[in-house]
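**Q** Below, each chain spelled out in residue letters.
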Amino acid sequence: MNPVNYLYLAALLFAIGATGVLIRRNAIVVFMCIELMLNACNLALVAFSRMHGNLDGQIIAFFTMVVAAAEVVVGLAIIVSLFRSRHSASVDDASLMKL
Amino acid sequence: MSASAVHSLWTTAAEPITRIDAPKFEYGQMSPTLIVLGAAIVGVLVEAFVPRKSRYYVQAFLSVVALAAAFAAVVALAAGGYGTTKARISAMGAIAVDGPSLFLQGTILLAGLVSVFTFAERRLDPEAHGNRVDSFAAQAASVPGSDSEKAAVKAGFTTTEVFPLVLFAIGGMLIFPAANDLLTLFIALEVFSLPLYLLCALARRKRLVSQEAAVKYFLLGAFASAFTLFGIALLYGYAGSVSYATIAQVVDGSIQNVTPALADTMGNDALLLIGAALLVMGLLFKVGAVPFHMWTPDVYQGAPTPVTGFMAAATKVAAFGALLRVLYVVLPGLRWDWRPVMWGVAIVTMLGGAIVAITQTDVKRLLAYSSIAHAGFILAGVIAMTPDGVSSVLFYLAAYSFVTIGAFAVVTLVRDAGGEATHLSKWAGLGRRSPLVAAVFAVFLLAFAGIPLTSGFAGKFAVFKAAAEGGAAPLVVIGVISSAVAAFFYIRVIVLMFFSEPKPEGPTVAVPSPLTMTAIGLGVAVTLVLGVAPQYFLDLAGQAGVFVR
Numbered sequence: 001m002n003p004v005n006y007l008y009l010a011a012l013l014f015a016i017g018a019t020g021v022l023i024r025r026n027a028i029v030v031f032m033c034i035e036l037m038l039n040a041c042n043l044a045l046v047a048f049s050r051m052h053g054n055l056d057g058q059i060i061a062f063f064t065m066v067v068a069a070a071e072v073v074v075g076l077a078i079i080v081s082l083f084r085s086r087h088s089a090s091v092d093d094a095s096l097m098k099l
Numbered sequence: 001m002s003a004s005a006v007h008s009l010w011t012t013a014a015e016p017i018t019r020i021d022a023p024k025f026e027y028g029q030m031s032p033t034l035i036v037l038g039a040a041i042v043g044v045l046v047e048a049f050v051p052r053k054s055r056y057y058v059q060a061f062l063s064v065v066a067l068a069a070a071f072a073a074v075v076a077l078a079a080g081g082y083g084t085t086k087a088r089i090s091a092m093g094a095i096a097v098d099g100p101s102l103f104l105q106g107t108i109l110l111a112g113l114v115s116v117f118t119f120a121e122r123r124l125d126p127e128a129h130g131n132r133v134d135s136f137a138a139q140a141a142s143v144p145g146s147d148s149e150k151a152a153v154k155a156g157f158t159t160t161e162v163f164p165l166v167l168f169a170i171g172g173m174l175i176f177p178a179a180n181d182l183l184t185l186f187i188a189l190e191v192f193s194l195p196l197y198l199l200c201a202l203a204r205r206k207r208l209v210s211q212e213a214a215v216k217y218f219l220l221g222a223f224a225s226a227f228t229l230f231g232i233a234l235l236y237g238y239a240g241s242v243s244y245a246t247i248a249q250v251v252d253g254s255i256q257n258v259t260p261a262l263a264d265t266m267g268n269d270a271l272l273l274i275g276a277a278l279l280v281m282g283l284l285f286k287v288g289a290v291p292f293h294m295w296t297p298d299v300y301q302g303a304p305t306p307v308t309g310f311m312a313a314a315t316k317v318a319a320f321g322a323l324l325r326v327l328y329v330v331l332p333g334l335r336w337d338w339r340p341v342m343w344g345v346a347i348v349t350m351l352g353g354a355i356v357a358i359t360q361t362d363v364k365r366l367l368a369y370s371s372i373a374h375a376g377f378i379l380a381g382v383i384a385m386t387p388d389g390v391s392s393v394l395f396y397l398a399a400y401s402f403v404t405i406g407a408f409a410v411v412t413l414v415r416d417a418g419g420e421a422t423h424l425s426k427w428a429g430l431g432r433r434s435p436l437v438a439a440v441f442a443v444f445l446l447a448f449a450g451i452p453l454t455s456g457f458a459g460k461f462a463v464f465k466a467a468a469e470g471g472a473a474p475l476v477v478i479g480v481i482s483s484a485v486a487a488f489f490y491i492r493v494i495v496l497m498f499f500s501e502p503k504p505e506g507p508t509v510a511v512p513s514p515l516t517m518t519a520i521g522l523g524v525a526v527t528l529v530l531g532v533a534p535q536y537f538l539d540l541a542g543q544a545g546v547f548v549r
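Chains as they are written, first to last, in UniProt numbering: chain F, 1 to 99; chain S, 1 to 549.
Quick caveat, the hints were computed from the structure, so don't treat them as lab data. The beta-carbon is built from N, C-alpha and C at its ideal position, and this holds for glycine as well. There could be a bad hint or two in this list.
Quick list of the computed label-pair ranges, beta carbon to beta carbon [said to hold, decoys possible]: (1) Pro126/S to His87/F: 25 to 35 Å; (2) Ser146/S to Val4/F: 47 to 57 Å; (3) Gly20/F to Asp147/S: 36 to 46 Å; (4) Val66/F to Gly28/S: 22 to 32 Å; (5) Val80/F to Leu453/S: 45 to 55 Å; (6) Leu55/F to Thr11/S: 22 to 32 Å; (7) Phe61/S to Leu55/F: 36 to 46 Å; (8) Asp269/S to Val80/F: 40 to 50 Å; (9) Ile41/S to Leu55/F: 41 to 51 Å.
Produce the complete structure using the sequences and hints provided.
**A** See the structure below:
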């Protein structure tokens, strides 16, 4: 199959993820949408890697997976601590600093 | 049948593995980063093995020594000519060792060192159960207001993990402006962002606000870095390489051996334009430029004040370094496309930051909007596209970072029963009650405003001069107008401090330990020295203004 189709799929997934970040209210779901965006980037990188016939893109994809894992560690720690002190993970409730 | 003959029925000989050369790694040229990251790892081990009572002293000592040693390594590299004649690309093309990276690394290390002093301050908060406490939560995992938090405070716990975290962040920041391929850029971005998200959540007082700031910073930061990564993917798709030099060659069409796949993608300008836009957007987010500034006021207000000072100074230095390198090394062939956009961003950043700051009533939010306005001034220098543009931005960043850390250190001193008294109404009459602290803060505000004889004036003059010579005269006019707007609210705070009656139940000014005094004193000294005699440092920045390709 033509690798360009995978690029279209990657762009679609990325757009779905970005839309989700903007419209969802639960911090965990927002975070999952960000992970979807990162995975869309991985798909694009691997497809480009196939098109160019070099390995750079695949190597970046591995690094992205590690970064995503590290982000989960940090992000869930922060979101869980917020949830435990407020009993809500809604990003709309987090508005103590609104003017 | 022999064993090998049977074996060959269902196996076939693979090609012998060719020798893979071990990558060459120039440890000497990488030493500043390696020292800081090594010390951070030792700091994690200290957390695991050193008894709780002595951890604070070991961690603070380790951090200070590591940062000082790394700064000495940067000076040694610069003295060895790596900033000028021997500038080179090391670590298999991943890291550029040249003037801008050494200058910015030195700035980040000094700013980090001063910040660590403010992190280690333990005399501002009243003693809790006989234990001295710092600005950080007794135990981050305990729920605010719960019994476990009270128990942790009573037991005298302190979050000494902040020292390794800040060292990891500084390590990432050292790589960020020196990154010479897109993968290294992305990894450095994450390495310095992730510890900062955590540090934001660790305030001792006002913990709900602090956690909220951390969630906002984390979600928006991760969102922005996903865009950065997609931009990187598209640029890689366009050029077939992540190396800055190769991408630059593909962009301006001077690349040699063009493969059929590369010829195909090179013709697709959408990949280049969208990729470059997304990448620059991610960097502008870290810089805090309008329209990607939404996180700045909330995060600056909610984070523990020493962390805010560190973020405002060091993150800005690192992010502008990376932005300069991307625009000047990777995308100069695209300058007719990015310059108009950056013009617009610089204008809205300068005006937006200055105008919104007028309405602020919280001193930390005020400084946050002021940092947005300053990002706009620095962007004016970035747009110049001349050697003077680079050196003026370097000088501005160095001058700005010390003023910022000093100003936030002063904010930690003004306290009432609830911790820091950040509401501006409480600062009324501070000059009557403690003239020295108010005078020092006034010096910092004047430097932010760019009054002559302060470093702010020298920096702004250099940046605007470079912008005017680079053909951006209208930008300079707007810059001067927004400086005037900004000067209004800085002066308003000074008037509030010196010319209004102190309130009877007003805040007290804590007497800090020599640590915070050093941070504030260094801020004042740098402000005045760079303001009165900037020439030596301008020359230094001028020598450091050439990127290696």
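**Q** Next, verify each hint and record whether it holds.
**A** Taking the hints in turn, this is what the structure says about them:
no.: 1; hint: Pro126/S to His87/F: 25 to 35 Å; in the structure: 31 Å, holds
no.: 2; hint: Ser146/S to Val4/F: 47 to 57 Å; in the structure: 55 Å, holds
no.: 3; hint: Gly20/F to Asp147/S: 36 to 46 Å; in the structure: 38 Å, holds
no.: 4; hint: Val66/F to Gly28/S: 22 to 32 Å; in the structure: 27 Å, holds
no.: 5; hint: Val80/F to Leu453/S: 45 to 55 Å; in the structure: 50 Å, holds
no.: 6; hint: Leu55/F to Thr11/S: 22 to 32 Å; in the structure: 27 Å, holds
no.: 7; hint: Phe61/S to Leu55/F: 36 to 46 Å; in the structure: 44 Å, holds
no.: 8; hint: Asp269/S to Val80/F: 40 to 50 Å; in the structure: 44 Å, holds
no.: 9; hint: Ile41/S to Leu55/F: 41 to 51 Å; in the structure: 29 Å, violated
This entry does not satisfy hint 9, going by the numbered hints stated previously; all others are met.
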